[in-house]
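Position chain B against the provided structure of chain A, taking the given hints into account.
Listed in order, the protein sequences are those of chains A and B.
Note that our numbering numbers the first sequence so that position 578 is 598, with each residue one more than the last.
Note that our numbering numbers the second sequence so that position 105 is 106, with each residue one more than the last.
The hints are simulated quantities; they were obtained by calculation from the structure and are not laboratory data.
Among the clues, some could well be false.
Said to hold, decoys possible - Cβ-to-Cβ under 7 Å is the rule here; a few derived chain A residues that face chain B:
1. 119
2. 153
3. 275
4. 392
5. 433
Said to hold, decoys possible - So these bits of chain A aren't anywhere near chain B, every CB distance computed over 10 Å:
6. 116
7. 126
8. 305
9. 347
All residues carry an ideal CB built from backbone N, CA and C; glycine is no exception.
Listed below are the residues making up each chain.
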Amino acid sequence: MSNFPISLPLLAQEGASSALTVFLIYTLAVFGLAAISNVLMRGKSFLSEYFLGSRSLGVWAFALTFAATSASGGSFTGFPSRIYSHGWILALWISSYMVFPLCTMGILGKRINQVARISGAITVPDVFRDRFRSPAIGILSVSLIVFFMSFNLVAQFKAGSKILIVLLQDNGLFQDGVIGMKSVLPADSTIDPAYLLCLLMFALAVVLYTTYGGFHAVVWTDVMQGIVMVIGVMIMLPLAISQVGGVDSLGREMSAMTTPRIGFVEVAVEGNYEGGKILPSRWIRLEGEAGNARLLRLNSDVVAPAPDRARNQEVKYVELTTPSEIERQLERLTKAGGSGLLNEIPGVNVSVKFLVEREYLYGADRTGAYVTGPGPVAVELKATAAEEKKRDLEKEQGENLGFLAFSIAISYFFMWAISGTGQPSNMVRLMAFNRSATLRKSIFTVMIYFSMIYFPLVMIFCCARVLIPGMELDSDSIMPSMAVELTSNAGHPWLAGLLIAAPFAAIMSTVDSFLLMISSAVVRDIYQRNINPDASEKNLKRLSFLCTLLVGFGAMFGAVNPPKFLQDIIVYVGSGLSACFLAPAVYMLFWPRLNKQGMMGGMLSGFAAHFSMYAAGSYFNGSFFKPWQPIGFDPIIVGLFVSFVLTYLIAKATPLPEEDLVRRYFKKKPVA
Amino acid sequence: MSPPKTDDSDWDPVYIHSRREAILIICTWLVALLWTVPYCYLNGYLPAEVSREVTFIWGMPSWVFYGIACPWMIANLFTVWFCFGFFEDDDLGENDPEGSSGEPYSGEEGIAR
Chain A
21 MSNFPISLPL LAQEGASSAL TVFLIYTLAV FGLAAISNVL MRGKSFLSEY
71 FLGSRSLGVW AFALTFAATS ASGGSFTGFP SRIYSHGWIL ALWISSYMVF
121 PLCTMGILGK RINQVARISG AITVPDVFRD RFRSPAIGIL SVSLIVFFMS
171 FNLVAQFKAG SKILIVLLQD NGLFQDGVIG MKSVLPADST IDPAYLLCLL
221 MFALAVVLYT TYGGFHAVVW TDVMQGIVMV IGVMIMLPLA ISQVGGVDSL
271 GREMSAMTTP RIGFVEVAVE GNYEGGKILP SRWIRLEGEA GNARLLRLNS
321 DVVAPAPDRA RNQEVKYVEL TTPSEIERQL ERLTKAGGSG LLNEIPGVNV
371 SVKFLVEREY LYGADRTGAY VTGPGPVAVE LKATAAEEKK RDLEKEQGEN
421 LGFLAFSIAI SYFFMWAISG TGQPSNMVRL MAFNRSATLR KSIFTVMIYF
471 SMIYFPLVMI FCCARVLIPG MELDSDSIMP SMAVELTSNA GHPWLAGLLI
521 AAPFAAIMST VDSFLLMISS AVVRDIYQRN INPDASEKNL KRLSFLCTLL
571 VGFGAMFGAV NPPKFLQDII VYVGSGLSAC FLAPAVYMLF WPRLNKQGMM
621 GGMLSGFAAH FSMYAAGSYF NGSFFKPWQP IGFDPIIVGL FVSFVLTYLI
671 AKATPLPEED LVRRYFKKKP VA
Chain B
2 MSPPKTDDSD WDPVYIHSRR EAILIICTWL VALLWTVPYC YLNGYLPAEV
52 SREVTFIWGM PSWVFYGIAC PWMIANLFTV WFCFGFFEDD DLGENDPEGS
102 SGEPYSGEEG IAR
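So that you can see chain A by itself, here it is in the shape it has in the complex (with noise of 0.2 Å):
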């Protein structure tokens, strides 16, 4: 989700209002949903209501919120992007969603949500904690989900910013603001107000409605953006599929496309056109050998120098490779008038200058390359030193090559089905059904949506390189531009407004459940547990009120100047928490033999091994997002490996639990 576009030239006009519509249409439902979950909360405990709906999720409400907040941010920005990069070898990389609703709301589900009625608990930490009646191994537990959360709360905040700009940027209105908003600022700033402007009305938006509705209005803003992004994608798959041709047609195109030349021209202007305006193409026909067309698309926008003046600029560009392609885009191009070439503008001199060509890693030059493993990848076009030194040792030793390596799609079977189930804000959701009938129900309910939207997006987005090409560097605006473009073809373009809201809903899902597992932690875990256990009602709504608050805008501050590795925090947070705690988790909810020691040195051992791989990939590989990856495998195995034979030998080589927590959590309840 790093380096999302700021400018995106096809949701202009049409796109734009409905956009607008469609968003303003979201708030107002979700304030009304908080609205009404903030009276449904009256007359109920307080904090068994705010941070868990009081145990009585339906199946609807529990299935929607569990794949609501699984389906992140990057199921609908860096997905499709990397659909459209590395080709249908993405569907192996997705492809332990098969059994993912099984894993992650099977294997803990039925028992976690036992073993919290039994000790009454209503958050993660929560059960730890009165599982070993050890107040330190709560600590521990809130201190690791506080160190994750807020981290993936600072990336999910500028992805949800990012979207909002596609979103708006158009808009008459949303533009005012930015000029306003570029008034406010410093005049030094380096930050944009555009950005700035979407972040401060997607704070506003998620934090109220989760500061004033908590859980419940978590759970139901949930089932609308899950509704939504379902029907985004099953609106998508049918127009992908004609627009292409049929499905003989992209099986057709797909294995004929080459990789793309990607790099660095030099373009200069000269010309007649007016000063300082944006010339209305990005697109450049050059004569190739044997008189064939060669098609590049530049990466950003060219600007027109003064008149009888020359202007020169250095640009990325794509140049398209597969002749099919090329004739299609020409095609397409004089659809909208004219040539559609920047170097057919009249009164306009255009010349390149090629300057630097980007290698591949994998995939140069064969055709094919998309509709097999690895899959392909070019190199950064700024690879730092360390970087480059890797990469000519793997070519060196054939190893890892392309996107998908054999021991990295291992680690990705591993990530996504077996990392999911350890995440604390899926296990909180697994406490907060009502009877066990409906976890049966809601594995059933998300089996049949995520095989509605995971699959489909493979090939959706792999007829968005037929539909789409040169997107290479701009992949990760892929989802807004094939929205408008699949719409407007059908001529529905205020069907784009729904389609783009899909990626919002899913950051804006994930955003809410954190933010409330955070001040949750805060509040229930750190203040009523170990400060003021009697707290009364209403102390412990204000700070509950309060902490959501802070947490949120906390997160917001965070996000002004957000790291630069979006992807990579997601990953690190993700893998981290799995490593801290799927082990420990597991051996408490099935092993009456675990006690306190080990499940510390469960979750300390989780999260030393997987950090430990991160500071190693500092050393290595010049960055801590780098990490080492043993026999490249990724550090979540590793973790895990850890984790699960730690717990096992501390808690052998320590005493035997407390006798009486066995019979509470393990032996048969005696009869009323």
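Just chain B, lined up with the frame of chain A:
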């Protein structure tokens, strides 16, 4: 992780059932992994020196169809059987009144039942 054998009848049935269900799910995950990743690797990964025609079924490469789409459908059928033929509907109990903040479990009132 097996409980002592001496007094099996003494263990909570929810614990016994959920343990059995969890083991079956882990086995399913393992079977999915052992089919999908090796199948796709053997049939979908082509070394540079090998030039082989990729065949397509319903617009997707055949290795995706047999390695991912088919097992996905089978996994879905298995999930249906798991949910409606294997999963035990257990009584999960009431909320512990001492646990949360002193109030009993507030019942079934909720949304979308």
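Going through the hints against the structure:
{"no.": "1", "hint": "119", "in the structure": "holds, 5 Å"}
{"no.": "2", "hint": "153", "in the structure": "violated, 13 Å"}
{"no.": "3", "hint": "275", "in the structure": "holds, 5 Å"}
{"no.": "4", "hint": "392", "in the structure": "holds, 5 Å"}
{"no.": "5", "hint": "433", "in the structure": "holds, 5 Å"}
{"no.": "6", "hint": "116", "in the structure": "violated, 7 Å"}
{"no.": "7", "hint": "126", "in the structure": "violated, 5 Å"}
{"no.": "8", "hint": "305", "in the structure": "holds, 30 Å"}
{"no.": "9", "hint": "347", "in the structure": "holds, 21 Å"}
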